[in-house]
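Heads up: the protein sequence lines correspond to chains A and B, in order.
Quick note on our numbering: the first sequence kicks off at 6 and runs consecutively.
Quick note on our numbering: the second sequence kicks off at 39 and runs consecutively.
In short, the hints are calculated from the structure, not lab data.
Don't take every hint at face value.
Straight-line distance between alpha carbons at most 27 Å, and here's what the computed DSS-like set of lysine-lysine pairs gives [claimed, not checked]: (1) A/K23 <-> B/K109; (2) B/K128 <-> B/K207; (3) A/K23 <-> B/K198; (4) B/K126 <-> B/K105; (5) B/K128 <-> A/K23; (6) A/K23 <-> B/K205; (7) B/K207 <-> A/K23.
A few chain B residues facing chain A, derived, Cβ under 7 Å [unchecked claim]: (8) A58; (9) Q61; (10) E90; (11) Y96; (12) L158; (13) I201; (14) N202; (15) R203; (16) A206.
Ideal Cβ positions, reconstructed from N, Cα and C, are used throughout, including at glycine.
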Amino acid sequence: MMTPEDGFDARLRAAFEKADAQITPDPAFTRRVLGRLGKSVNPRLLVLGSAGATGSALASAQLERLVDGIQFHNAVLTQVFDTFGAQGIVAAAFTLAAASLAYALPRVRL
Amino acid sequence: MAASDLELVALTAATGDRHAFGQLVERYQTLVRAMLTRICGNHALADDLAQETFIKAYRKIGSFTGKGSFKSWLCRIAYTEFLQAARKRKAAQAALERFQAHQDSQQPHANWDTGDALDLDRALGRLSEVERNMIVLCFSTGLSHAEAAQVTGLPLGTVKSHINRGKAKLRAMLEDKEAAQA
Numbered sequence: 006m007m008t009p010e011d012g013f014d015a016r017l018r019a020a021f022e023k024a025d026a027q028i029t030p031d032p033a034f035t036r037r038v039l040g041r042l043g044k045s046v047n048p049r050l051l052v053l054g055s056a057g058a059t060g061s062a063l064a065s066a067q068l069e070r071l072v073d074g075i076q077f078h079n080a081v082l083t084q085v086f087d088t089f090g091a092q093g094i095v096a097a098a099f100t101l102a103a104a105s106l107a108y109a110l111p112r113v114r115l
Numbered sequence: 039m040a041a042s043d044l045e046l047v048a049l050t051a052a053t054g055d056r057h058a059f060g061q062l063v064e065r066y067q068t069l070v071r072a073m074l075t076r077i078c079g080n081h082a083l084a085d086d087l088a089q090e091t092f093i094k095a096y097r098k099i100g101s102f103t104g105k106g107s108f109k110s111w112l113c114r115i116a117y118t119e120f121l122q123a124a125r126k127r128k129a130a131q132a133a134l135e136r137f138q139a140h141q142d143s144q145q146p147h148a149n150w151d152t153g154d155a156l157d158l159d160r161a162l163g164r165l166s167e168v169e170r171n172m173i174v175l176c177f178s179t180g181l182s183h184a185e186a187a188q189v190t191g192l193p194l195g196t197v198k199s200h201i202n203r204g205k206a207k208l209r210a211m212l213e214d215k216e217a218a219q220a
């Protein structure tokens, strides 16, 4: 048997249903949300990226001296070294490392 | 056959699949937008908060354990978004509420029973904020009292008290209205 309380609940629920029916599914809303997912930049990623870049710059300054002292016994490596020099090789290595980091970071959930 | 919420959540959490998440957005956007609209009383703000809700849900989807329903988990994020926005806008909100209270006092009693959204919002506007929120969570969003308690972090008994008080006020408004019409 329905009590007056149940009846009022049903009436209230019906009032909400009728009012909420005016809010219809909006495909543009879904597109806006999905569009923003790719653009969201986590501040922690920016901080980590900046710290990584600073560390890489400092390390590369030191590595240049280290690489300069290496004696290559392989003819190809010797020629590469002579062509590009220590600075060029270190720069290339760190560019590769930075590119790998830039590729991997957006896929990491922090 | 449409994928279940849990399947879509698992796919999104495992691979970041936006298409799967898009299906969840399509499935729950009206519920979240309606809930926030009734709580905020402002469509534009509600839509902004609903967007933030889904973006946060996407970022945190790995933390959904599947213990409760995805709906109540999403409502919790939406409610937190609302509270944060309300804190930020507290001063402006207070001014707005004073303005709305003045406007309401100039208008006839709400006839929310007709289902007109504006009248329902006016009637809800006469409840305290927490009563309004609880009524919306249970009657618009369809959460159980226990789920509403989880979403808001309030004790179950407190949620029930707020709902009973809110309902009593709404019932009194309706009875006043009917008496005036008789």
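Cross-check of the supplied hints:
1. For a cut-off of 27 Å, the pair hint linking A/K23 to B/K109 stands: about 20 Å separates their Cα positions.
2. Proximity of B/K128 to B/K207 is assessed by CA-CA distance (about 25 Å); at most 27 Å being required, the pair is judged to hold.
3. Straight-line distance between C-alpha atoms of A/K23 and B/K198 comes to about 24 Å, which keeps the hinted pair within the 27 Å bound.
4. Taken as a hint, the B/K126 and B/K105 pair is broken in the structure, with Cα atoms around 31 Å apart against an allowance of 27 Å.
5. With a CA separation close to 30 Å, the supplied pair B/K128 and A/K23 exceeds the 27 Å bound.
6. Only pairs whose Cα atoms come within 27 Å are accepted, and A/K23 paired with B/K205 is accepted, the gap being roughly 18 Å.
7. Distance check on the hinted pair: B/K207 and A/K23 sit about 20 Å apart at the alpha-carbon level, within 27 Å; holds.
8. Below 7 Å, beta-carbon pairs count as interface contacts, and B/A58 has none with chain A, the closest being about 11 Å; its hint is therefore violated.
9. Look at B/Q61: its Cβ only gets to about 9 Å from chain A, farther than 7 Å, so that hint breaks.
10. Taking 7 Å as the C-beta cut-off, the interface hint given for B/E90 is violated, the closest approach to chain A being about 9 Å.
11. A least Cβ separation of about 6 Å between B/Y96 and chain A falls short of the 7 Å threshold, and the interface hint therefore holds.
12. The closest approach between the C-beta of B/L158 and any C-beta of chain A is roughly 5 Å, which is under the 7 Å cut-off, so the hint is satisfied.
13. Interface hint status for B/I201: violated, as the beta-carbon distance to the closest one in chain A is roughly 10 Å, over 7 Å.
14. Because the beta carbon of B/N202 sits about 9 Å from the nearest beta carbon in chain A, more than 7 Å, this interface hint is broken.
15. Annotation: interface hint on B/R203 violated; nearest CB of chain A at approximately 14 Å, more than 7 Å.
16. The restraint placing B/A206 at the interface with chain A is violated, with a minimum CB-CB distance near 10 Å, outside the 7 Å limit.
The structure fails to meet hints 4, 5, 8, 9, 10, 13, 14, 15, 16 from the earlier list, while all remaining hints are met.
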